[in-house]
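Peer 1: Going down the list, the protein sequences come from chains B and C. The opening position of the first sequence corresponds to residue 1 in the numbering used here, with each subsequent residue numbered one higher. The opening position of the second sequence corresponds to residue 1 in the numbering used here, with each subsequent residue numbered one higher.
The hints are simulated quantities; they were obtained by calculation from the structure and are not laboratory data. Do not rely on the hints blindly, as some may be mistaken.
Said to hold, decoys possible - Short, incomplete list of chain B residues facing chain C, as computed with Cβ under 8 Å:
1. Gly51
2. Glu77
3. Thr81
4. Leu82
5. Ala88
6. Phe90
7. Glu91
8. Gly92
9. Ile93
10. Gly102
11. Leu134
12. Ala146
Quantities reported herein were computed from a predicted structural model and do not represent experimental measurements. In this text, a Cβ means the ideal position worked out from N, Cα and C, and glycines have one as well.
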Amino acid sequence: MLEIRNLTLKRGSKTILHKISFAVKAGEIYGILGPNGAGKSSLAYTIMGRGGYKPNEGKIIFKGKEINNLPIWRRAEMGITLAWQESARFEGITVKEYISLGMKEKNQKEVEESLRKVFLDPDEYLKRKVDKSLSGGERKRIELAAIFAMKPRLAVLDEPDSGIDILALDRIMEFVREIRARGATVILITHRADAAKIVERAALIGEGHLVKEGDSREVVKYFETKCLRCPRFK
Amino acid sequence: MKKDYQAMLEAYRKSGGKPDVFKYPKSAHLIISQNKILGRQPIEGIFLDAKETDNGADVRLRVKKGVRVAYPAYLCFGVLPKKGRQEIKFNALVEKGAEITIFARCVFPNAVNIQHIMEAEIVLEDGASFRYDEIHYHGLTGGIEVAPRTKVKIGKGARLIADFSLLKGRVGKLNIDYQAEADDNGILEIAAKAHGYGEDEIRIKESGKLFGEGARGLIKSRVAVREKASSEVVSELEASAPGAQGHIDCVEIVQGEAKAKAVPLISVLNGRARITHEAAVGKINRKKMETLMARGLKEEEASEIIIKGMLR
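Take the sequences, apply the hints, and build the full model.
Peer 2: Have a look at this one:
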């Protein structure tokens, strides 16, 4: 589904990602693990095509096609989308409108279903605005609901577990499984080892380098036992 | 006269209004085209009338003490020909404990060389409540100058909500000067929204004086300018009594070669008063744009949605 091949990303004089390579199979839940500042979000932005995150070297290949030069919206049309770690506020736009934006066919029932999937009551939330009247947690859930409603081919979820208490974590993980059940491949970015437990395979990023990749149990074990300070690479 | 009346209703409809409101028997209304009164309907408990002048009309409104007008009143002012001038003087007195909502639309569908000047003086006695929503609809040529000047006195415990929108058609030249002052526990909420393009010029000055104890004020503006349009928003709040508090909130989005300026002016003259402000002027936040683009929207579609949401 997605292949990252020798990806190097520089911003200013700093190299953020150093020759990263890994592949994500269709239909799997793939983890990107690493401590804060490792480059995980930068990798997500590079996959999505955010401004300022064009690879300096290497390739991003999605369903057999190189997408390095495609703009964000074109990648989204192909089926890639991103759930932000901190979602933006949109003054004047209702939750219903926001969730509907990415849907090919607008359908209120599906919007309502997507809200229920993130444990938000449609009756209470559909008409609310996606602005500062919503808490950060509520906006995060609405962001995930929008991803669900979009039915993407590849969903990149940037720390959907951040700011979420331990009781809600299981619900978020269940939600990730449900997105996959609808046909999406999921890249789950997290710095929490417990959140990584639903992941099948994973890549561990440390200071912009690929430290370990493969079976998630081994990667998570490595992360938990050795990656308090990931090794420096020259 | 009948032809003009129908034409005003049609312009009212194009502005987004429902002309049927002028048939409601329980709602007061007034329709003035240039300097001709084309329709009027008073109702029990309020005095709403106008006198034609050379260039417009003198309008008087009085809501009697304690009367809570159940249904909104509807005003429609405008100029139908391409050229013309309309001067409206509006005097309103909302007596003690009275309450009224007015939905006003000012329509200039064919404006090529039009001036619309409005001088308003509004007094809200103690405990009164006055809501005034004004929507403008201008033609597509930008040949219009609009200059509303309003002064409002808000009595003890009285409330003013004033909302101005100019989102359809070209702005032309807009020069708003809105001044309000609030007594003890008085509340003022003033909002203005405008979307300029071409060579439109938007000048908004909204000022509030919270001189009464516990008075509160909110001044809000939302402006989007593109192409070669320009905007300047001056938002001024002064709090000079204990417990007086207010907030200024200004957002201006700039695209193309447009220019925007925001000037929040804050005076706190009492140690127990407080005013806060927030202002954001510039291009659309990149993260917002990219969030919507990550849903499949192109850049122009994303910016349109964000601006529309902001101007709602």
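Peer 1: Should the hint that B:Leu82 touches chain C count as held when the rule is a Cβ pair under 8 Å?
Peer 2: holds, 5 Å
Peer 1: Given B:Thr81 was flagged as interface, is its beta-carbon under 8 Å from a beta-carbon of chain C?
Peer 2: holds, 5 Å
Peer 1: Let me know if the C-beta of B:Gly51 comes in closer than 8 Å to any C-beta of chain C, holds or violated.
Peer 2: holds, 6 Å
Peer 1: Next item in the hint list is B:Leu134. Is there a CB on chain C closer than 8 Å to its CB?
Peer 2: violated, 14 Å
Peer 1: Hey, does the B:Glu77 contact hint survive, CB to chain C under 8 Å?
Peer 2: holds, 5 Å
Peer 1: Closer than 8 Å between Cβ atoms is the bar; does B:Glu91 clear it against chain C? Give me holds or violated.
Peer 2: Hint holds; B:Glu91 Cβ to chain C Cβ min 5 Å, cut 8 Å.
Peer 1: With a cut-off of 8 Å, does the beta carbon of B:Phe90 approach a beta carbon of chain C closely enough for the hint to hold?
Peer 2: holds, 6 Å
Peer 1: Quick check on B:Ile93 please, does its C-beta sit within 8 Å of some C-beta on chain C?
Peer 2: holds, 4 Å
Peer 1: Given B:Gly102 was flagged as interface, is its beta-carbon under 8 Å from a beta-carbon of chain C?
Peer 2: holds, 3 Å
Peer 1: Hint check: is the beta carbon of B:Ala146 less than 8 Å from a beta carbon of chain C?
Peer 2: holds, 7 Å
Peer 1: Holds or violated: B:Ala88 as interface residue toward chain C, Cβ cutoff 8 Å?
Peer 2: holds, 5 Å
Peer 1: Report holds or violated for the interface hint on B:Gly92, using the least CB-CB distance to chain C and a cut-off of 8 Å.
Peer 2: holds, 3 Å
Checked against the numbered hints given earlier, this structure breaks only hint 11.
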